[in-house]
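Engineer: Each chain, written out:
Number of protein chains: 2
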Amino acid sequence: MVRFPASCNVFMDEFGRIAHFFAPLASGFSGSLNLRDDAALLAPSAGHELVITKDALSEGVHFLGSESAGLIASKALRTNLSDLAAKGAKPLVYFLALMLPPGTGDAWLEAFCAGLENDQKIFGISLAGGDTISTHGKLSISITAIGEVPLGSMLKRSGAQAGDAIYVSGTLGDSALGLRSLQNGLGMAALEERYLLPQPRTALGLHLRTLAHACMDVSDGLVQDLGHICAASGVGALVHTPNIPLSPEAATQPGALTAALSGGDDYELLFTSPASAHAALEALSAEVGVRISRIGEVVSGSGVRVLDASGDEVKLTSTGYVHR
Amino acid sequence: MVRFPASCNVFMDEFGRIAHFFAPLASGFSGSLNLRDDAALLAPSAGHELVITKDALSEGVHFLGSESAGLIASKALRTNLSDLAAKGAKPLVYFLALMLPPGTGDAWLEAFCAGLENDQKIFGISLAGGDTISTHGKLSISITAIGEVPLGSMLKRSGAQAGDAIYVSGTLGDSALGLRSLQNGLGMAALEERYLLPQPRTALGLHLRTLAHACMDVSDGLVQDLGHICAASGVGALVHTPNIPLSPEAATQPGALTAALSGGDDYELLFTSPASAHAALEALSAEVGVRISRIGEVVSGSGVRVLDASGDEVKLTSTGYVHR
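Just so you know, the protein sequences line up as chains Y and S, in that order.
If you count by the numbering used here, then the first sequence holds residues 2 to 325, one letter each, in order.
If you count by the numbering used here, then the second sequence holds residues 2 to 325, one letter each, in order.
It should be emphasised that the hints constitute simulated quantities derived from the structure, not laboratory data.
Note that the coordinates shown come from a computational prediction; the quantities given were computed from them, not determined experimentally.
The beta carbon of each residue, even a glycine, is placed where N, CA and C say it ideally should be.
Some hints here could point you the wrong way.
As the list claims (entries may be wrong) - Covered by chain Y, according to a simulated footprint, are these stretches of chain S (three or more residues, beta-carbon under 8 Å):
1. 33-42
2. 55-69
3. 74-88
4. 155-165
Unchecked claim - Lysine to aspartate or glutamate pairs mimicking EDC-like chemistry, simulated, CA-CA at most 20 Å apart:
5. S:K139 to S:E118
6. Y:K91 to S:E50
7. S:K91 to S:E314
8. S:K91 to Y:E50
Pulled out of the complex, with its shape left as it was, chain Y reads as follows (with noise of 0.2 Å):
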């Protein structure tokens, strides 16, 4: 491959570009016809249906825009993976829209594009299309991504019933803590990580097909979406804020409940289950090497009620969770 060093702006068209810099992404799907054609081909395998989502980011909105373009390039693909993840589907394919400002160039794309390669191995996944196109603004980028899970077995945001556990990957808050150590250069790298480059939970929400009654990702905030969850599913919940786990960087910063409760950015996967999938859970906590802890607990009614160590509630304000 011609590779060009980072400050030399040279310019392909947009069919050497797709050539050099999209094909090989494609290569692995025989779906895609080597990009060479208006669209993909694509049927699940027998007995299973398709997973789709779409998710969009723009610069200075959902990324800084001082990110290096592989770490651009790994958040939009990550965040749509974490999305399959979520609904218990295995990666197949996605596509690509590029909207790049004026005189992006060839060495920027190329390392975008080895930001998806890299990501592409790590997740099983591959490109099968797309479009990059020119626009007078902020970089932006559209991926679709699809999975595909057995027929019937997605699982979704409905389901969750009165008495079930509810349960989130790995720790909270972290990636709103990491944006304002970013934002304000306090040099929390572990932090700053998890803002950068979001975990998707993909071998985790494979399993818990058989053991949720519902699940999504957390990316708005827990509060916030778990409340989705209760609307779709028709009950409310209990949140335990000393069950909420906090990495040991999230733990010593100020605010640190808050940005659990309603940071956004985690891309963990919050779900409920009976509690006759606890033994299983913490076994599969184990196999795949994720943190899984209890939270809280379905409850008839509807909405989403925050308990601190008393039992006493906490609600959300300006200032960030306080008691009522």
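Knowing the structure of chain Y, use the given hints to seat chain S on it.
Structural biologist: Chain S in isolation, oriented as in the chain Y frame:
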């Protein structure tokens, strides 16, 4: 439905907008889960496979920005529908990523969605999911459109054979001349409409599955796109300028032939068929009400040669197509 006067810049939050504007567009497709989950569910009909295309458009590059919101929506959807038509695919569903500049009000969004709703009825397609985000820049739209074909029957760019006749639907060059009219205030309404509102040849494409060896839609200009068919098929092509179909409005304009050969944005179907298909194509043209013109023939070798009425070759220069 609540209606906002066009002058009223009302803003709902993201979830309000999804429920109010977009969920009704997804109500005809159960796999959309009413846009209330993280992903959509889709499986092709028995014996079919999916055809998937993704096109993006950005203001000031792919549309002017002065069009009505409804026309912008139609153009975004229809350029994708044209790709499906060129592959012989029956439209099923689409996913929409909408990157909105600051200050985009609900009235604009309502008109945009009305344009989508109208085209959904015409082309038999339904919204299945997507994302609406803010961007620091111009309006951009990315659509992923999905159709289906009987297994193995998708029309491809490859497949053209020496001896095939080359056909094109409709008339060429109108869109490029229409853009010129819009940019220069020439008031050529019929031509301008061809630029503003593409006409995907969906019904024609479905029938071509059994009649064409190779097919694509003309979006970058006849000569360039025919070159893609030649490259994919390992053949060459001769095009005869007297056979290029021009509309009455285009025929009177300076530069009409150049616009027809290289203008782009035509969204007509370009295909090759064996001589044995000619009578069936004439009948098909009458059945679907779309002109079909035989413009040349596939030859062995490579590349596209354009010949005038005398059989002399004409070449594209900076001032248009001229004798060599």
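Engineer: Checking C-beta pairs, does the stretch 55-69 of chain S have three or more residues closer than 8 Å to chain Y?
Structural biologist: holds (count 9)
Engineer: Below or equal to 20 Å on CA atoms is what counts here, so check Y:K91 against S:E50.
Structural biologist: Judged against 20 Å, a Cα distance of about 19 Å means the pair holds.
Engineer: Would you check chain Y against the stretch 33-42 of chain S, counting CB to CB pairs closer than 8 Å, and say if three or more residues qualify?
Structural biologist: Our answer is that it holds, as 7 residues pass the Cβ test (under 8 Å) against chain Y, meeting three.
Engineer: With a cut-off of 20 Å on the C-alpha distance, tell me whether S:K139 and S:E118 pass.
Structural biologist: Cα-Cα ~23 Å, so violated.
Engineer: With a cut-off of 20 Å on the C-alpha distance, tell me whether S:K91 and Y:E50 pass.
Structural biologist: Judged against 20 Å, a Cα distance of about 19 Å means the pair holds.
Engineer: Could you grab the alpha-carbon distance between S:K91 and S:E314 and see if it respects the 20 Å cut-off?
Structural biologist: 39 Å, violated
Engineer: Please verify the coverage claim for the stretch 155-165 of chain S: does it have three or more residues whose C-beta sits within 8 Å of some C-beta in chain Y?
Structural biologist: holds (count 4)
Engineer: For the stretch 74-88 of chain S, do at least 3 residues have a Cβ located nearer than 8 Å to some Cβ of chain Y?
Structural biologist: holds (count 4)
The structure fails to meet hints 5 and 7 from the earlier list, while all remaining hints are met.
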